Amino acid sequence: MGLRTKHYRRAASCIFAFSIILLGQAVSDPDALVRINQIQVIGTHNSYHAGLLPGIAQLMQKSDPESFKTLEYKHADLATQLDHGIRQIELDIFSDAAGGRFAHPSGPAMVAKAGLPPDPNPYPDGRMLQPGFKVIHVQDIDYASNCQPFVACLQIVKNWSKQHPLHVPIFILVETKQDLPDEKLPWTQPEPYTAATFNALDAEIRSVFSNQEIISPDQVRGRYPTLEQAVLAGNWPTLKQARGKVIFLLDQQSNGPIYLQGHPSLRARVLFTNATPGRPDAAFVEANDAGKAEIEALVRKGYLVRTRSDADTIQGRTNDTRRRDEVLASGAQMVSTDYPASEPARWTGYTVALPGGLPVRCNPIVAPSTCVGADLELSPTR
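Using our numbering, the first residue of the sequence shown is number 8, and each one after it goes up by one.
A few of these clues could be false.
Straight-line distance between alpha carbons at most 30 Å, and here's what the computed DSS-like set of lysine-lysine pairs gives [what the hints assert, rightly or not]:
no., residue 1, residue 2
1, K299, K81
2, K165, K76
3, K247, K165
4, K69, K184
5, K76, K169
6, K247, K184
7, K299, K184
8, K81, K165
9, K169, K81
The calculated label-pair distances, taken between Cβ atoms and stated as ranges, are [said to hold, decoys possible]:
no., residue 1, residue 2, range
10, P72, P193, 18 to 28 Å
11, R213, L192, 27 to 37 Å
12, T328, E301, 30 to 40 Å
13, K69, P193, 36 to 46 Å
14, P287, E198, 26 to 36 Å
15, P199, A381, 41 to 51 Å
If you are wondering where the hints come from, they were derived from the structure by calculation, not from laboratory data. Remember, predicted model here, so these are calculated numbers, not experimental data. Where a beta carbon is used, it is the ideal one built from N, C-alpha and C, also for glycine.
Using the sequences plus the hints, can you model the full thing?
Next comes the structure, spelled out in structure tokens:
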């Protein structure tokens, strides 16, 4: 046998052995081959929403029936939602630095004035008197939440996570509220969000979750100059790196510049901003009303995208599944609904779920060919 033949055979043997190693990795460690932007999960819209209290519901149904319809939904507690496969939740928060700002809503007085039976106090233990962010949909009239305050909601998620350490990352969308709905009622005046308010928000999150339990902008950016450059290069963590962790997302684009003050490209921050593509902090994009083509284009570039499959109870009342089917096919990593499989619309049975009832599936647009949906996380019902 000539020297050249021996050399070729030795090279072929090495290539074969290396192929076996790669195949073994694909079979034994699929988590290392799938990144968190290459999956898709179902989320709940206003996950904390416990529904209108009976007296306020009756009052709204008479005085503003169209607005009442948009609020006629509610969710189970957060742990139950996670048990049923929800992997993205949404929490609306108002700043309450001194405590007590939302402890005495005007809704009960309006109910009494209308001659209706009084509503029970959803927080008789005084927790609304304590400083800290409060979880409320609309101050004064729609304030009953299935967890309160914000840190208590986070603690529920953390406790569930500790009991299920192999879950794919839980996406936590935070909507920072500071507006008055209109000028017709004596609304509680909200506190404005400033850089200091956002520092306090980061501190509350870090009081519950350690750095090792959070997927942060710093981790994703790595050695890239900007967060967006890292995202466009596909530098999201793998499932192997992300299991058992949470990732925080800031809802409103208008708050992005304030949150970025002193933190270029989100350095040392906790939440990912809802940013316009092309900005240094662009990693997460909320595309609630976007069509399939627009969402798919964002997903292909590497952004995390959250969208909604239904809104204002319209699809729940009509069983119109067109939007649902469109966004599930779009590749949006987070599809948010008022009607997860465990909470179908009472009017029509409309619901939103992934095939097979799994809590996560391979992203239909950008998942690698090695991705196996059934291996990403066991169904809660299996």
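Cross-check of the supplied hints:
For the hint pairing K299 with K81, the CA-to-CA distance comes to about 28 Å; that is within 30 Å, so the pair holds. Only pairs whose Cα atoms come within 30 Å are accepted, and K165 paired with K76 is rejected, the gap being roughly 33 Å. A threshold of 30 Å between alpha carbons decides the hint, and for K247 with K165 the separation of about 19 Å falls inside it, so the pair holds. A hinted pair counts as satisfied when its Cα atoms are at most 30 Å apart, and K69 with K184 qualifies at roughly 27 Å.
A threshold of 30 Å between alpha carbons decides the hint, and for K76 with K169 the separation of about 37 Å lies outside it, so the pair is violated. A threshold of 30 Å between alpha carbons decides the hint, and for K247 with K184 the separation of about 35 Å lies outside it, so the pair is violated. A C-alpha spacing of about 29 Å is found between K299 and K184, which places the hinted pair at or below 30 Å, so the restraint holds. Distance hint between K81 and K165 is fulfilled; the C-alpha atoms sit about 22 Å from each other, no more than 30 Å.
Annotation: proposed proximity of K169 to K81 holds, straight-line Cα distance about 26 Å (limit 30 Å). For P72 and P193, the hinted distance range of 18 to 28 Å is satisfied, since their beta carbons lie about 22 Å from each other. At about 36 Å, the beta-carbon gap between R213 and L192 stays in the expected band of 27 to 37 Å. Against the hinted window of 30 to 40 Å, the Cβ-Cβ separation of T328 and E301 comes to about 20 Å, which falls outside the hint.
Under the hint 36 to 46 Å, the C-beta atoms of K69 and P193, about 19 Å apart, miss the expected range. Remark: the range hint 26 to 36 Å for P287 to E198 is upheld by a beta-carbon distance near 28 Å. At about 47 Å, the CB distance of P199 to A381 agrees with the hint of 41 to 51 Å.
When the structure is compared with the earlier hints, violations turn up for hints 2, 5, 6, 12, 13 and for no others.
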